[in-house]
Every structure is written in C-alpha cells, then in structure tokens.
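**Q** For reference, the chains in residue letters:
Number of protein chains: 2
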Amino acid sequence: MDKINLVEKLGLISEYWHPKIVGEINDSFVKLVKLKGEFIWHSHENEDEMFLVLRGKLRIKLRSGDILLTEGEFFIVPKGVEHMPVADEEVHALLLEPKTTLNTGNVVNENTVEAEWI
Amino acid sequence: MDKINLVEKLGLISEYWHPKIVGEINDSFVKLVKLKGEFIWHSHENEDEMFLVLRGKLRIKLRSGDILLTEGEFFIVPKGVEHMPVADEEVHALLLEPKTTLNTGNVVNENTVEAEWI
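Chains as they are written, first to last, in the numbering used here: chain Y, 194 to 311; chain R, 194 to 311.
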C-alpha cells in the first residue's frame, strides 16, 4: 500500500510495447508503457482499454479514422473496436485495462507479451 | 467515441469535491475533481479507488499514516480502508472507481453528491 510515481516507474522501463503493471484496482490493472513505431491492428473482444498520454504524441488508428493524443489526453478504445497505436517519436502512456487483457488482444503472435509488475 | 483533454475538462469544473465523469471503461468511471480543504473520513466497502494527482499536492490521510501525493503520483485506496483526502491548496485529480462508488462511500450526508458527466 504505497504511492506510485509515474516518472520514476517509467524510468525502469526499457523495452517498447511491453506494458508493465504498476497498480491493481478492482478487476483491472494500471500499466505503464513506452511506445515507439507502429504496433499491430487488434481488438479486445470484451474489454475497453484506456490510453492516457503522459509524454509525446500518440496516434491511435481506427478503421473509422485516427485519434491523435497529446500529453494530458486520453482515449478509451471500446471493446471490439480494431485499433493500431502508432508513435512516430517515443511516447509514454498509462493504460487501464481488465486483468484479462492481452496487449495484442485477439491476435497472438511475436508481439504478445504477458505484463509483469515493476 | 472521442478523446478527452484533461485540462479542458477541468476548466468546466467550478465546485470542489464534486467529481465529474469524463469516461466510461468497463464497469468503472474515469472522473475529474477539484479538491480544496478537508473531506470526511469514509471508506468504500467493496471498491478500490484510484487518485492520480494532476496538479497540486494531495494528502490522503489513512488510519495507518498519511500518503502525500504530488503531480504525477497516484495511490489506490484499497476497498474497506478508511481515508480522508486533504488539500491545503487547490488540487486537480483524476479518479478511477467502479460505477457504483459514492464519493462519500459508507457515509451519506450533505457531502454526498451523485457524479454527472461533463
């Protein structure tokens, strides 16, 4: 039962696209992630997913158009909606998603990682 | 389905201790709140509650000691744990809590307000 400093925890993350767990709240995890480059198109069948940008600019591509997020902005990807995060420059983001959520959603491939606590 | 800018939404809030809903994610609401002064001791029997400080310094008093949060820090109050938020100066915070959560938890009095969307 302790507080979490976002910048301090982000300093422990070296790999892009590997979300790390920093908090547990009810049925969800709070995660931090560093993003750079393009991810893959995927969706989460039963889970909404929140992206809050802490640093940089994040484009969340949707089939219906792009959402461009800058520092202090968030977007909640509704369950079932295909999305592909793209970060031209390094982005730091806070994620909130159910404990059951896989980073690649409905796609399981070499990008799939199981989140660990930091 | 749109992005949310935290500073913009906070600009719409005038009353202290009245959390406003800015997002819906699975069974939870994302809320924004401005805090100043002392709240009341209360707990949420079945719900963890997250406080992420966006501006200012927030003291969360617990029976076991105080948690002092500054910008970019969060604390998750576990279910059942009595707490009292105290803000000597104005604080802006993001809350995450189940849709069922009342701001005053187990205490219902003149401080109790139902959160509305902004």
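None of these hints come from the bench; they were simulated from the model. Careful: at least some of the hints might be erroneous.
[Said to hold, decoys possible] Footprint (simulated), chain R over chain Y, 3 or more residues, beta carbon under 8 Å:
(1) 203–210
(2) 291–301
[As the list claims (entries may be wrong)] Label-pair distances were calculated between CB atoms; the ranges are:
(3) Lys196(R) to Gly204(Y): 36 to 44 Å
(4) Val301(R) to Ser207(Y): 44 to 52 Å
(5) Trp234(Y) to Ile233(R): 23 to 31 Å
(6) Tyr209(R) to Asn302(Y): 46 to 54 Å
(7) Lys229(Y) to Glu231(R): 39 to 47 Å
Here the structure is a predicted model, which means the values were calculated and not measured. C-beta atoms are modelled at their ideal positions from N, C-alpha and C, and glycine is treated no differently.
**Q** Indicate, hint by hint, whether the structure satisfies it.
**A** Here is what the structure says about each hint:
1. Figure legend: the stretch 203–210 of chain Y, annotated as covered by chain R; annotation inconsistent (0 residues with Cβ-Cβ distances under 8 Å, at least 3 required).
2. Given a C-beta distance limit of less than 8 Å, the hint that chain R covers the stretch 291–301 of chain Y is violated, as 1 residues qualify and 3 are needed.
3. Here the CB-CB span from Lys196(R) to Gly204(Y) is close to 27 Å, at odds with the stated 36 to 44 Å.
4. Here the CB-CB span from Val301(R) to Ser207(Y) is close to 48 Å, well matched to the stated 44 to 52 Å.
5. In this structure, Trp234(Y) and Ile233(R) break the distance hint of 23 to 31 Å, their C-beta atoms being roughly 48 Å apart.
6. Range check, Tyr209(R) to Asn302(Y): Cβ separation about 48 Å, and the 46 to 54 Å hint holds.
7. Distance hint check for Lys229(Y) and Glu231(R): the Cβ-Cβ separation is about 43 Å, which falls inside the suggested range of 39 to 47 Å.
Going through the hint list in order, the structure does not satisfy hints 1, 2, 3 and 5.
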